[in-house]
Amino acid sequence: MIVLGIETSCDETAAAVVSFSEGAGGRILSNVVLSQLDEHRPYGGIVPEVAARAHLQHVDRLVAEAMETAGVKFTDLDAVAATGGPGLIGGVIVGVMTAKAIAVAANLPFMAVNHLEGHALSARLEAEQPPEFPYLLLLVSGGHCQLLTVEGVGRYRRLGTTIDDALGEAFDKVAKMLGLGYPGGPAVEAAAEGGDGARFALPRPMKGRPGCDFSFSGLKTAVRHAVEKLPEGSLEAQDIADLCAAFQDAAADTLADRTDHALDTFMDAHPGGQVLVVAGGVAANEAIRSRLGKLVEARNFRLVVPPQALCTDNAAMIAWAGIERLGAQGPGAADGLDFAPRPRWPLDPDAPAAAFAGVKA
Amino acid sequence: MHILAMDTATNGCSVALTDGARIAARRSAPMARGQAEALVPMIAAVMDEAGVDFGALDLLAVTVGPGAFTGLRIGLAAARGMALTTGLKCLGVTTTEAIARGVDGAGLDGRRLLVAIDTKRNDLYAQMFSPAGQVLGQPEAVRPEDLAAFTGNGPLMIAGDAATRAAEILRSAGTQADLAEAPGLPDAAMVAAVAEQRWQAMDSGERTKLAPPTPLYLRPPDAKPAKDGGGLRPSRPSTP
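Heads up: the sequence lines are chains W and U, in that order. Each residue of the first sequence is one higher than the last, beginning at 1 in the numbering used here. Each residue of the second sequence is one higher than the last, beginning at 1 in the numbering used here.
Bound conformation, chain U alone (with noise of 0.2 Å):
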């Protein structure tokens, strides 16, 4: 089956075309912003390269977070577009999952996996992995000195963009740890990768009903509800 994935949500910018477990055509730029730019002109080069329309693609992937908002939603924004003008179905894949998927599973060698994403601030998006790349929990933001807990006792193997900070933090916690042998950022050959084993684990009545993709922020916007709703002065009591 021929799948258009796709990555915006964290430093890269990543397109690809799968057919089953071969990549027809692939790009990738690493990039902490200009994806608005970038994505849509790829995805034309990618379509292009493999000699594929629009009405021969089976199925759209794309990551919903955690990453950066602005960058998630651009990925977002144009597959759930795309699926709304071609009529396919667009699967949502973590980044975090996407990352683990890229990860060799004979180099973890028994041991379970931390994927670490740089939040731009103190904390860091954790998910952890077992030694046979399944899902050990949801994805959460975790401060430095959580870490440890979250991750539980070594040895651990860890990949993402923070894997280099997050070796630190847990080292210094008496973690073992040691950097996986993987690309720091989602490869959108992964994230159709990750859609497919999902979409054929699917029967035709959970295929009919998926939703869009929703984003995963892990964050609420920052703002906070005006005191008094801004007033300069006490609001009356309301008469019943």
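Okay, chain W solo, but in the shape it has when bound (with noise of 0.2 Å):
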């Protein structure tokens, strides 16, 4: 089986093919990915027009290129997936009119794939050891932060979510306040590095409370503060390192805190489960990785984080959700080429919607 998969739905135009066989198992044939970095940097973070117009100038020749790296034609293709949200609408509906077109034209099925499906079973995809079902999934991204109990394909129970910012935004945001530029994760962390965590003392947003929700638009709002404490004029290099490294353990300290409390909840319900799956492109960060990494060993857990190019949003995983859907579910899993592309998407339809926390819930 092979499927190409196309994803749209924030800052990156990504196309990929990817092959399943009951003997090799998934296979990336091709993973090409565009970073709109450039566009967006001079706003300071993302603009849905400007990313909006960005996939439409680049997905079908991206969607070439993948296509020719794989060495596979349309003819070849068992389906076309795309994202279907949840995201920036108009990026969303880049991609699902580009695989409509490409699925009427060549004659093949089409699947709207769940954005955060395809980070939820990217750990399964070209993994030495795939994670059984059920494990317990982190997402934790620019646009999502959640703990969900993955039973199955197209079967997740949300146990927590954010109720305002994602973490990768607070990251951006952080990064912006200080002037590290867009995207912020990689310098915070960068910056982090030379920093001591003890000279500013930040709060850890929701830790010790019941259950496994996350908020860290307080977090963000205490990094300002502390700047506006500080002398006036440019910051110094050591006051940027201290803040960001004091801004990074609080936030791996509320994700461990909140991991532990899921991971109490997902005993309960699976006595057998032993995988904890970290997916998103925060699990990029190191210190939050080795935080998470402690809090594992400690519960005898195994740790499961898909390589950096699959963290990162991908189409690769978008295809893999699509080959996972079509070998639970047979020809039955494909959409209807009237599929509405969704701003909002959840994967657990009967979670309560977060009051302030809008496509990240």
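These aren't lab readings, by the way, just hints derived from the structure by calculation. Please note: incorrect hints may appear among the correct ones.
Stated by the list, open to error - 20 Å max Cα-Cα, derived EDC-like pairs, lysine to aspartate or glutamate:
#1 U:K89 - W:E65
#2 U:K209 - W:E49
#3 U:K224 - W:E49
Using the hints, put the two standalone chains together into the complex.
Okay, here's the thing in structure tokens:
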């Protein structure tokens, strides 16, 4: 089985071809990603209209490149999968229309994949020891911060979510305040290396509270207040380093506390469960990985973090989610060509919407 | 030649398959939104009704704007995706040209034509055409107070979904302007007609080199660059 995947829900335009066979499992035949960093940098963050324009400008060329690298023709494909949401709707529409057009012209099934499902299943693609269901998932990116039980393909239970900002968003905002530029994750991590995390006392939002929800808006505001108390004028490099270290420590602490609670809930429902998967762009942060690593070691769990290229937004995970769905549900997994792109699309339809989190819930 | 043409750039969704002067199949519906859902099923229905498969097409055509940003991207993404899959060339046609094409030349009676399209803002997307249907200048986003200067002296005929508003603006500025009898929205059959004419005028070298159609936004994104990159403090002058 060979599936083309297309991802355009945020600020990466991506296309990939993934194959599956019983013997070899999932194989990434191509995985091309075009980041729009340069387009968004002047604005200090992602501008939806700028993103949508860039997606349209590049997506067909990237699909062509992915097909060529994989060495396949449209007639070799078994399906076309595109992110159908949640995300910035102008971009999602571009990817969905491209995929629908390919599907109708090449007479292929079209699949609208939930971007979060892509992240949720990505740990099972090209893994040495693919995690078996059920597992606990911490999805932590610029757009999302959630803890989910992955019970199987299409079966997700949300244990907690952010009630305001996603963690990657908080990283971006802190970087912006400190003049570190966009995107903020790698910049904050690099600046934190020479920093003393103990110099500034920052809060651990939600820590110790029942449940598994997150909140990062207050932490971001605390960084702002700490900056305001510093002497006037440009910030010293050491100030920036210390603030970044303190912010990163607080974020890691909060994630660990919330994940610890989620492990309890997960173990109650699935006493045999052994795996914590951490996916999303923030999973690339070493300080956070090492903090979560200590947590799972103490709990006798295995930590699975997909490779960097599968953690940040990519289309291989979208193609893979299409393959997993076809495997689990057969041809009925295909969507109609009248599919309506969705700005909001919770993985667990039974979970209540969080108050201020927008699509991040 | 078989041309598959589509439009989703303004307040409608329209698909047509033409074979020379004959319209083999056509679907269209007025809609302010929902083109992302409607377009591809309409294409499938048109292909099915005409009994033509994608391999038998000769050319694709799509409107590139001016119009709604999301709307014009829906058609362009679909048309470019189809061009990639089939290896067909795709021509971009402006919404104003498609509307002008639908106006009966005899009805113009020697007058120039203004095509005016709703921007959902205060201004209008506008383009002028000669009595023979030739474009006179580029389409532009024109403020109401500048419209009379844009069109020049009357008498004029006006078409497009903002025709009534444009006529009021022009009349109050003392320009003689009448509404043309034409559909207010771009019709995919007219998109095909404009594309066919342009295709026939191209030599084989131009056809081979034809790049995918690009959007005509006429307006930059609504976003302002952040002062100091959004930083709380002025950035340090970078050391060489």
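Here is how each hint holds up against the structure:
no. : hint           : verdict
1   : U:K89 - W:E65  : holds, 18 Å
2   : U:K209 - W:E49 : violated, 29 Å
3   : U:K224 - W:E49 : holds, 12 Å
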